[in-house]
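S.K.: Spelled out, the chains give:
Number of protein chains: 2
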Amino acid sequence: MSKFWSNTTRSITPYVPGEQPGAKKVIKLNTNENPYPPSEKVLSAMKAAVSDRLKLYPDPECTGIRAAASEVFGLPADHIFAGNGSDEILAFCFKAFFNPEEPILFADITYSFYEVYAGLFDIPYRKIPLTDSFDLQTEAYFEPNGGILIANPNAPTSKFTPLEVIREILERNPDKVVVIDEAYVDFGGESSVKLIPDYPNLLVIQTFSKSRSLAGLRLGLAMGQPDLIEGLNRIKNSFNSYTLDAVAQAGGEASLRDGEAFAENVGRVIRTREASVKRLKELGFEVLDSRANFVFASHTTVPASDIFHALRERDIIVRYFSKPRIDNYLRISIGTDEEMAALCGALEEILV
Amino acid sequence: MSKFWSNTTRSITPYVPGEQPGAKKVIKLNTNENPYPPSEKVLSAMKAAVSDRLKLYPDPECTGIRAAASEVFGLPADHIFAGNGSDEILAFCFKAFFNPEEPILFADITYSFYEVYAGLFDIPYRKIPLTDSFDLQTEAYFEPNGGILIANPNAPTSKFTPLEVIREILERNPDKVVVIDEAYVDFGGESSVKLIPDYPNLLVIQTFSKSRSLAGLRLGLAMGQPDLIEGLNRIKNSFNSYTLDAVAQAGGEASLRDGEAFAENVGRVIRTREASVKRLKELGFEVLDSRANFVFASHTTVPASDIFHALRERDIIVRYFSKPRIDNYLRISIGTDEEMAALCGALEEILV
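As they're listed, the protein sequences go chains R and D. Per the working numbering: the first sequence ends with 352, consecutive numbering throughout. Per the working numbering: the second sequence ends with 352, consecutive numbering throughout.
No wet-lab data here; the hints were simulated from the structure. Don't be surprised by glycine CBs; every beta carbon is placed ideally from N, CA and C. Fair warning: there could be bad hints in the mix.
Unchecked claim - Straight-line C-alpha distance at most 30 Å; calculated DSS-like pairs for lysine-lysine:
#1 R:47 / R:24
#2 R:47 / D:47
#3 R:3 / D:194
#4 R:24 / D:47
#5 R:127 / D:25
#6 D:323 / D:24
#7 D:281 / D:323
#8 R:278 / R:323
#9 D:47 / R:41
#10 D:194 / D:25
#11 R:25 / R:281
#12 D:127 / R:3
#13 D:25 / D:41
#14 D:323 / R:24
#15 R:25 / D:47
#16 R:41 / D:24
#17 D:25 / R:47
#18 D:41 / R:25
#19 R:47 / D:41
#20 D:323 / R:194
#21 R:323 / R:24
#22 D:41 / R:41
#23 D:25 / R:41
#24 R:278 / R:25
#25 D:47 / D:25
#26 D:24 / R:47
Stated by the list, open to error - Pulled from the structure, derived: some chain R residues nowhere near chain D, Cβ distances all over 10 Å:
#27 144
#28 194
#29 196
#30 286
#31 300
Said to hold, decoys possible - Covered stretches of chain D (chain R as the covering partner; in silico rule of three or more C-beta atoms under 8 Å from a C-beta of chain R):
#32 52-58
#33 88-98
#34 110-123
#35 211-222
#36 240-246
Sequences and hints are given; from them, build the entire structure.
M.R.: What follows is the structure, encoded as structure tokens:
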């Protein structure tokens, strides 16, 4: 603890991202990255942007990405905000829409960064327990609140909340911003983007890190009615006018314009997931119904932490959370077919 | 004003960056960009980083950039923080080191983003007027305060504060963080980095946007003793674990390792500046002593706003601030010799 730290710096508990193993050759199924590379069109567009023009500031409005997103999502460009990963956009949301007077609501088991943001920006929160089957307790979100955050599909559970439920929550909270964090939606969920015209209180956030194979590039989108987008812009322009560099903007636009590669990539991950779920069940796992690029699984007889460590010894990294209610689960990212075969082979050895 | 906006969103006045004219062919001397492109080595390193590896998250520790900076600045890597432009690092400083109870101090005429951050993070501040010659009023920084921010060289004045003054301010504020914002230091100032071993309260911030011709890439560094760097990391890891993408990290490291191109580029800008200052004085301007890649000039007879508009009509963009004390000055970025010749030619026409 340093005497130079602010009260905030002293009190916060920073987020700890999943391990990045560096150069060591491992099977990395711990941070929900996509096992397939970004498309050639994305890489070409980025290389073309690596040019003398880097001496100039990038476009602070991210016009190219927003125009491409406008076509993909069928929304006007003034409904779209681009940021440095969905994490940055989530941070901006806390500052843009939530106040210190009223607790915001999110699930007890969800993306653990939400409470980190709350600590950073001094926003009170109430955690709403998921049901025993890890579903949202819908009625709890009808209580007075300062805003709502829902990851859909949820992480680390992988479960999807149907849009009827989202719609009900939106209707019961007409004066509060409801943020739907759709980091994983492309892997079989249904996006709330289609609800945007009906609900001025809805903000949908997506990322390029998972379904678009661009975790290394730091790109996210927020979509909502112009009021909300303007709120995000006011915060961004009070923080850092240019959070997306010129090369990332080029890559993001190219990714949005390459729908074919996107669909193929997502389809492959889904097929591998379904095959992996089947195999894991044969190995004695209970696996939650996943609409994400990972599965959340618990073994009927062997503790998750034992399996986690045994996999680690075999250079296979999955994610284990030593937290109440989920400390007997493993979160396993969907890799290539070969990686999943190696995982299942290792599990066969471990579980004998 | 939207009902969905937080108190902060309602109250802030976002920063307005200098105009980016888009495709139109203009002589752009308004945002202090470098007129010369980044070195070939930087562009090659970036192109090499545009690869399949973008599917993976980037290194959250920015190890490569920090190792290279360690060599350039002669500091251990734990004294170095890399961020998404110096703007992001400055924002983190407000959260990391300043509290709402005590006003921080900065000059009345300085980088106008400082008061924007203060508004965003609810940090009170007191503006210390520069003297009539636009120098720091040193003694005013000995008064009780919650922290100090000094741009050195200052913007938009271009003037440099000698390190003896910085040292005195550091010594009189042993319990407060003193941030020296050295965005322009490479163009003839002297860096406070050498004071870091002596002063645990000193944080020095630099950017790749000016002297390294990488405004389009969004890279900045903070340097200080490990306590301060850890404070910044705590804030960053509560905001966005990965603010620098893999390609930007590669470009930043290559730039730091290409000292030759850097020195040559900076030398060219300085030579053009000195020639431009001479010419501007011949044209009847008073020009402050610049250690930056821009000059701050006032004409003895013609109002700055008239000159600004007349240049604008000739597609030459400089920066004019309609603010007390400096509303008769123009801030002119140093372009190429050709651009400066065009500027001076236009001024000859305007000033007849």
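S.K.: Does each hint hold? Answer for all of them.
M.R.: Right, here's what the structure says about each hint:
1. R:47 / R:24: Roughly 27 Å between the alpha carbons, so the hint for residue 47 of chain R and residue 24 of chain R holds.
2. R:47 / D:47: holds, 6 Å
3. R:3 / D:194: holds, 22 Å
4. R:24 / D:47: Roughly 24 Å between the alpha carbons, so the hint for residue 24 of chain R and residue 47 of chain D holds.
5. R:127 / D:25: violated, 54 Å
6. D:323 / D:24: Roughly 28 Å separates the two Cα atoms, so the pair holds.
7. D:281 / D:323: Given that 30 Å is the threshold and the Cα spacing comes to 23 Å, the pair holds.
8. R:278 / R:323: Holds - the C-alpha atoms of residue 323 of chain R and residue 278 of chain R are around 26 Å apart, at most 30 Å.
9. D:47 / R:41: Judged against 30 Å, a Cα distance of about 14 Å means the pair holds.
10. D:194 / D:25: Distance of about 42 Å is beyond 30 Å: violated.
11. R:25 / R:281: holds, 28 Å
12. D:127 / R:3: holds, 24 Å
13. D:25 / D:41: holds, 28 Å
14. D:323 / R:24: violated, 56 Å
15. R:25 / D:47: Holds. Residue 25 of chain R to residue 47 of chain D sits at ~24 Å (cutoff 30 Å).
16. R:41 / D:24: holds, 27 Å
17. D:25 / R:47: Distance ~24 Å between residue 25 of chain D and residue 47 of chain R Cα, so the pair holds.
18. D:41 / R:25: holds, 29 Å
19. R:47 / D:41: With a Cα-Cα distance of about 14 Å, the restraint between residue 47 of chain R and residue 41 of chain D holds, given a limit of 30 Å.
20. D:323 / R:194: Distance of about 46 Å is beyond 30 Å: violated.
21. R:323 / R:24: holds, 28 Å
22. D:41 / R:41: holds, 24 Å
23. D:25 / R:41: holds, 29 Å
24. R:278 / R:25: Holds. Residue 278 of chain R to residue 25 of chain R sits at ~27 Å (cutoff 30 Å).
25. D:47 / D:25: holds, 27 Å
26. D:24 / R:47: With a Cα-Cα distance of about 24 Å, the restraint between residue 24 of chain D and residue 47 of chain R holds, given a limit of 30 Å.
27. 144: Non-interface label stands for residue 144 of chain R: nearest chain D Cβ at 16 Å, farther than 10 Å.
28. 194: About 20 Å separates residue 194 of chain R from the closest Cβ of chain D, which puts it past 10 Å; holds.
29. 196: holds, 14 Å
30. 286: It holds; residue 286 of chain R is separated from chain D by about 29 Å at its closest Cβ, greater than 10 Å.
31. 300: holds, 33 Å
32. 52-58: n = 7 at 8 Å, threshold three: holds.
33. 88-98: Our answer is that it holds, as 6 residues pass the Cβ test (under 8 Å) against chain R, meeting three.
34. 110-123: Coverage by chain R holds for the segment 110-123 of chain D (4 residues, Cβ < 8 Å).
35. 211-222: As far as the segment 211-222 of chain D goes, the hint holds, because 6 residues have Cβ atoms under 8 Å from chain R.
36. 240-246: With 7 residues closer than 8 Å to chain R, the segment 240-246 of chain D meets the three-residue bar; holds.
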